[in-house]
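**Q** Heads up: the protein sequence lines correspond to chains D and S, in order.
So for the first sequence, the working numbering puts the first residue at 1; every next one is plus one.
So for the second sequence, the working numbering puts the first residue at 1; every next one is plus one.
Any given hint might turn out to be false.
Unchecked claim - Only pairs whose alpha carbons sit at most 30 Å apart, straight line, appear in this in silico BS3-like list of lysine-lysine:
hint, chain 1, residue 1, chain 2, residue 2
1, S, Lys18, D, Lys106
2, S, Lys71, S, Lys18
3, D, Lys58, S, Lys71
4, S, Lys57, S, Lys71
Unchecked claim - Chain S stretches covered by chain D per the calculated footprint, using a threshold of three residues with CB under 8 Å from any CB of chain D:
hint, segment
5, 35 to 42
6, 96 to 110
Everything labelled a hint here was simulated from the structure, so no lab data went into it.
Glycine included, each C-beta is placed from N, C-alpha and C at the ideal position.
So you can see what is in the structure, the chains are spelled out below.
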Amino acid sequence: QQQVKQSPQSLIVQKGGISIINCAYENTAFDYFPWYQQFPGKGPALLIAIRPDVSEKKEGRFTISFNKSAKQFSLHIMDSQPGDSATYFCAARGYGGSQGNLIFGKGTKLSVKP
Amino acid sequence: DVKVTQSSRYLVKRTGEKVFLECVQDMDHENMFWYRQDPGLGLRLIYFSYDVKMKEKGDIPEGYSVSREKKERFSLILESASTNQTSMYLCASRFRDRPWYTFGSGTRLTVV
């Protein structure tokens, strides 16, 4: 119940295309769903996040779509650029104590080809 | 600019050595975390700390210990380094009442 399943493990997209990364969870108590972006040699950095009371959040070319009934959320990168090439992690947070720690997906390595 | 600083970017140690990985944050965060990152396995939680002198085991604590004597510093200790501990180690921190983490840049440890 504490897992977050992320797919695909790797993704190759042409410049200008749409990159889509999916995550699924089982614990209905999760209340915060962030996406982190990690460039080679760097630590992950918060990219965008959503709470379950909204179905979509957009920041520039990055959009989170959230489907509460299906317990799924996804990251869409519009007009993908070579500079978007990175590893992306989805995560989810539960309530209180150690339940309040983020549970991370295993990551998706995105390569955007010029 | 707020920061989580890990003392070494690259570290090479010999099997059996005691290894210290240091992490310092300047944001007055209560919670701090240590993860290891391996290809295909994502981020795996080793230990975390809710506040000074507090520590909790994560998912893979075996072979590791931690120390948090000051609020800003969280140390990861490999008591007797082994080759299967070769990995990227990431430190993170956050405020107790905020959900998002700030990560350091990582320490790539190689045990030979």
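**Q** Determine for every hint whether it applies to the structure shown.
**A** Against the structure, the hints:
Proposed proximity of Lys18/S and Lys106/D is supported: the alpha carbons are some 29 Å apart, at most 30 Å. A hinted pair counts as satisfied when its Cα atoms are at most 30 Å apart, and Lys71/S with Lys18/S qualifies at roughly 23 Å. Annotation: proposed proximity of Lys58/D to Lys71/S is violated, straight-line Cα distance about 35 Å (limit 30 Å). With a C-alpha separation of about 18 Å, the suggested pair Lys57/S and Lys71/S falls inside the 30 Å cut-off, and the hint holds.
Interface restraint, the segment 35 to 42 of chain S with chain D: holds (3 residues with C-beta to C-beta distance below 8 Å; minimum three). Counting residues of the segment 96 to 110 of chain S whose beta-carbon sits less than 8 Å from any beta-carbon of chain D gives 8, enough to reach three: the coverage restraint holds.
In the structure shown, a violation is registered for the earlier hint numbered 3 alone.
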